[in-house]
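Peer 1: Chain residues, written in single-letter form:
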Amino acid sequence: MAAVKLIGSPISPFVLRTMIALSLKKVEYELLPEKLGEKSELLLKSNPVYKKIPVLIHHDRPICESAVIVEYIDQVWPESGYGAILPADAYHRALHRFWTFYVDDKLFPSLVAIGKAETEEAKAEAVEQFRAGLRLLEEAFVKLSEGKAFFGGDQVGFLDVMLGCFVVWIEAMEEVLSLELLEEATMPALHGWVVSFRAHEAVKEVMPESGKVVEFFKMIRAMRMKAAADAAN
Amino acid sequence: MPQTASLHLTNRLHIHIVLESESERERERGARMAEAVVLLDVWVSPFGQRCRIALAEKGVAYEYKEEDLANKSPLLLQANPVHKKIPVLIHDGKPVCESLVIVQYIDEVWSDGAPILPADPYARAQARFWGDFVDKKIYDCGIRLWKLKGEAHQEAKKEFIEILKVLEAELGDRKYFGGDAFGYVDIALVPFFAWFYTYETCGGFSVEAEAPKLVAWGKRCMERESVSQTLYDPLKVYEFVCSLKKKYGIE
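These protein sequence lines map, in sequence, to chains A and B.
Basically the numbering used here = 1-based index in the first sequence + 54.
Basically the numbering used here = 1-based index in the second sequence + 1.
To be clear, the hints were calculated from the coordinates, so they are not data collected in a lab.
Using N, Cα and C, we set each Cβ at its ideal position, and we do this for glycine too.
Heads up, some of the hints might be wrong.
Stated by the list, open to error - Covered stretches of chain B, as calculated for chain A (at least 3 residues, CB under 8 Å):
hint	segment
1	86-99
2	103-116
As the list claims (entries may be wrong) - Heads up, simulated DSBU-like pairs for lysine-lysine below, C-alpha to C-alpha not over 30 Å straight-line:
hint	chain 1	residue 1	chain 2	residue 2
3	B	237	B	85
4	A	106	B	214
5	A	170	B	150
6	A	170	B	148
7	B	73	A	197
8	A	59	B	138
9	A	160	B	214
10	A	197	B	66
What the hints assert, rightly or not - Pulled a few chain A residues facing chain B out of the computed Cβ check, cut under 8 Å:
hint	residue
11	118
12	129
13	144
14	190
Based on the provided sequences and hints, a complete structural model is requested.
Peer 2: Structure, rendered in structure tokens:
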């Protein structure tokens, strides 16, 4: 019986966050994917408040919410694998946590809005909002990385994990919608960061294939458009 | 009630200094220490109050700066350029934003005071989870209780009561959310205790009827100086919301 279980699959960027953290720590775990459209008994029992993935189950005790899970993983396995994920000093920890709030509260919803936009106008607005958010993160990256490869400096840090989980989705949406979201011209540092992040061994281990994410995105878009068409009739 | 409570919202600096002795040198040292920690805030903000409670629990001297949100100070705009919102804690010139990030920062920097987050990783994860729940749910649903009408209002009322019941169930028969020790979740939630009167009056329900343990918990928290010195009278909060309603033209 595995001591560490994770409910979810890496197609979900929030699950991917926790998988990247576990991979960085080289912690073995059993992955328990959910069936699309169905929630397992275990999920409903482990996360009664939100009924959402990811849920980490450690020694039969559930931990929910991706940011909470990653902090938990960092605390329980402080020295394992690539070492600490959260920065060593309190001020940098506060900055990584602040930007994580921003990613979850503002950036991610604007990414979702791009995918859901029903008119060209709405899409353009959502794209501009998302790009504006990325430009803030570009600035933050320059300050936090201090010339190194990651938000965490030489090592992959908390904000790298919390933002990096969206990279494959950003790329998939760029492909399907024929747009540039992470513009190399206006966000050169972030562009470089994406390359470094994707190249990291621990990230490569768990990053889903771009093709799979593109397929999944196309599928949910088709489902949404069909539902909208059915509702209109 | 905070000793320097004033409904005249000016940009005067209110300096809270914990005096150890009457000597001039002690007072000067206290003043220097207080300058190193500045809190940009607004009197009624439950988010700002989280920070004030945490600072008080740790016995940290700081300078409180009341912001006028209709006329934000250059300091606020510089300290929180992303959101331009309070609270902001400025420690040795470095700004920290987001109330729960600030509370964690306070806990980590002034680590010799009583811990706000528990040491045990699982207990800490539970505390973070519930702090996040309070953050995601109470304020936004609460606003809908006094801003909306008709069906949307009924929807908000249903949701809010559900949120109270979830918190009631989580608290159970414990003294605090953290167990025996007042901690992170208590700090995250307790400022809203002063808003219960507003929520139930605008919502048309009774918090005590829906969540009696939660009300008892709030009263227990008010026995702590850090809380009673920070929270305003529920009637003052209600007055404030009524003035907001007038401003937005809501009946």
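Peer 1: Hint by hint, say whether it matches the structure.
Peer 2: Hint-by-hint comparison with the structure:
1. Chain A is given as covering the segment 86-99 of chain B, and this holds because 5 residues of the stretch bring a CB closer than 8 Å to a CB of that chain, at least three being needed.
2. Given as covered by chain A, the segment 103-116 of chain B passes the check, having 5 residues with a CB less than 8 Å from a CB of that chain where 3 are the minimum.
3. The suggested pairing of residue 237(B) with residue 85(B) holds, with an alpha-carbon distance near 25 Å, which does not exceed 30 Å.
4. Distance hint between residue 106(A) and residue 214(B) is fulfilled; the C-alpha atoms sit about 28 Å from each other, no more than 30 Å.
5. Taking the CA atoms of residue 170(A) and residue 150(B), the gap is about 28 Å. The hint holds against a cut of 30 Å.
6. A C-alpha spacing of about 27 Å is found between residue 170(A) and residue 148(B), which places the hinted pair at or below 30 Å, so the restraint holds.
7. A threshold of 30 Å between alpha carbons decides the hint, and for residue 73(B) with residue 197(A) the separation of about 25 Å falls inside it, so the pair holds.
8. Only pairs whose Cα atoms come within 30 Å are accepted, and residue 59(A) paired with residue 138(B) is accepted, the gap being roughly 28 Å.
9. With a CA separation close to 35 Å, the supplied pair residue 160(A) and residue 214(B) exceeds the 30 Å bound.
10. Straight-line distance between C-alpha atoms of residue 197(A) and residue 66(B) comes to about 27 Å, which keeps the hinted pair within the 30 Å bound.
11. The interface hint given for residue 118(A) holds, since its Cβ lies 6 Å from the closest Cβ of chain B, which is under the 8 Å cut-off.
12. Checking residue 129(A) against chain B: minimum C-beta separation of about 4 Å stays under 8 Å; hint holds.
13. Among the interface hints, the one on residue 144(A) holds; its C-beta lies about 4 Å from the nearest C-beta in chain B, closer than the 8 Å criterion.
14. Checking residue 190(A) against chain B by beta carbon gives a least distance of about 6 Å; that is within 8 Å, so the hint holds.
Against the hints set out earlier in the document, a violation occurs for number 9 only.
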